[in-house]
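Trainee: The residues making up each chain are set out below.
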Amino acid sequence: MSLKYITPAERFKRYLPKDYVELVDFGPFGKTQDEAGPGNMGQFKELVEEHPMCSGCWMAYYIRLIFASLPCPEETVTLGTAGCGRLAISQAAVPFIYGNYGDQNAMASGLTRAFRLRFPDKQKDVITIAGDGGTMDIGFSMTMHSWIRGEKFTTIMLDNEVYGNTGGQSSGMSPKGAVLKMAPMGKDFEKMPATKLAQAAGCVYTVRMSPTNIKKAAKIIRRAIFVAREVGPTFIQAYTSCNIEYSIPTEEVFQDAKDQEKDRFQFEEYMTDEAKEVIERVEAEEKAASKSRKAAKKAAAAEAV
Amino acid sequence: MYYVAKVNSDQCADYKCTTCTLYCPEANTLMFDTVNNTSWVDEDRCKGCALCVYVCTDMLDRNCITMVMSGQEG
Chain B
0 MSLKYITPAE RFKRYLPKDY VELVDFGPFG KTQDEAGPGN MGQFKELVEE HPMCSGCWMA
60 YYIRLIFASL PCPEETVTLG TAGCGRLAIS QAAVPFIYGN YGDQNAMASG LTRAFRLRFP
120 DKQKDVITIA GDGGTMDIGF SMTMHSWIRG EKFTTIMLDN EVYGNTGGQS SGMSPKGAVL
180 KMAPMGKDFE KMPATKLAQA AGCVYTVRMS PTNIKKAAKI IRRAIFVARE VGPTFIQAYT
240 SCNIEYSIPT EEVFQDAKDQ EKDRFQFEEY MTDEAKEVIE RVEAEEKAAS KSRKAAKKAA
300 AAEAV
Chain C
0 MYYVAKVNSD QCADYKCTTC TLYCPEANTL MFDTVNNTSW VDEDRCKGCA LCVYVCTDML
60 DRNCITMVMS GQEG
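Order-wise, the sequence lines are chains B and C.
Quick note on numbering that gives the first Met the number 0: the first sequence kicks off at 0 and runs consecutively.
Quick note on numbering that gives the first Met the number 0: the second sequence kicks off at 0 and runs consecutively.
Next comes chain B alone, as it looks inside the complex:
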């Protein structure tokens, strides 16, 4: 997609569904993060539409945050696989490809290469968003090999530490001793060290975090996308609790995310020197652009007076 394809002809607008027109007029397409970003969610039409994820789901929240943080939603493609996450990801106004049995990273490899051939003058972002089962259990070989090959796209793992939508089986990412509905004796081996595996396999930027601070979480997502554009594979492991399988009352989900930030999901950021260079450059550019926009706005306001 591109901005040109999304925008309808003015005369055709009244025949289109209202939600679509709202998305074009008040959505984040073609806007900067200051105008329609995570900092002002609730003041513009967001990309994610109604979805069947559970009440108070922290994964749904993180997905909302991912879509609000995209640097260029009209040039982005998301991929996912079986799991809770795809219920919401597929309801967003960004093309979504569903991979079977955890092959999202294999498909993303091909897609990234195809985009580079087909649109050499454009920057297309490919992001795989899958659960801990899809990324680290079922799709493990495809995830690891995409990293080993150095494919340039972003992998986001929504780590809820359980197979949430099949009834609560323990996954490789469940912590040791976790008693779940389908693992009543407790899990008897350790949680997989996902970020360490990613670093060993050649990811140039890896983060483990619990999304409680909006600004920080958005910055991480954007960094991962910017680095993937130029340097190599990037990986985010984010804690997105399953309030059903871990029996967390919905109003305490946020508190639980904060508690986990001090426990299993302590913030950990790794980047290579090359990745650091890109991040510093892009963030300086963004800062300068935002500053000049503010100055222009101020000048326009002064002129109006």
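Just to be clear, a hint being listed does not mean it is correct.
List of simulated lysine to aspartate or glutamate pairs, EDC-like, C-alpha gap at most 16 Å [what the hints assert, rightly or not]:
1) B:LYS218 to B:GLU251
2) B:LYS30 to B:GLU73
3) B:LYS44 to C:ASP32
4) B:LYS215 to B:GLU268
5) B:LYS214 to B:ASP262
6) B:LYS30 to B:GLU285
7) B:LYS275 to B:GLU229
8) B:LYS44 to C:ASP57
9) B:LYS257 to C:ASP57
Calculated directly from the structure, the hints in this document are not laboratory data.
Quick caveat: nothing in here was measured; it's all calculated off a predicted structure.
We have chain B; now place chain C onto it with these hints.
Mentor: Relative to chain B, chain C alone:
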């Protein structure tokens, strides 16, 4: 019948605060009205998780949001 969040607009307008809209797990549900300076809830989309109540009451101690039965006033 199900619970939805309800914002006390008069009380909410006293604070220049958009925190609850940033922490709702549902997109396009808890919105912010920039004219009247208050949050408001799209009742048809609200799933009643009460995370906004936690943010407004427990975190910020402002008590502007309550859970009510859908379709009932007050």
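Trainee: When the hints from earlier in the document are held up against this structure, which numbers fail?
Mentor: Hint check: 1, 5 and 8 fail, others pass.
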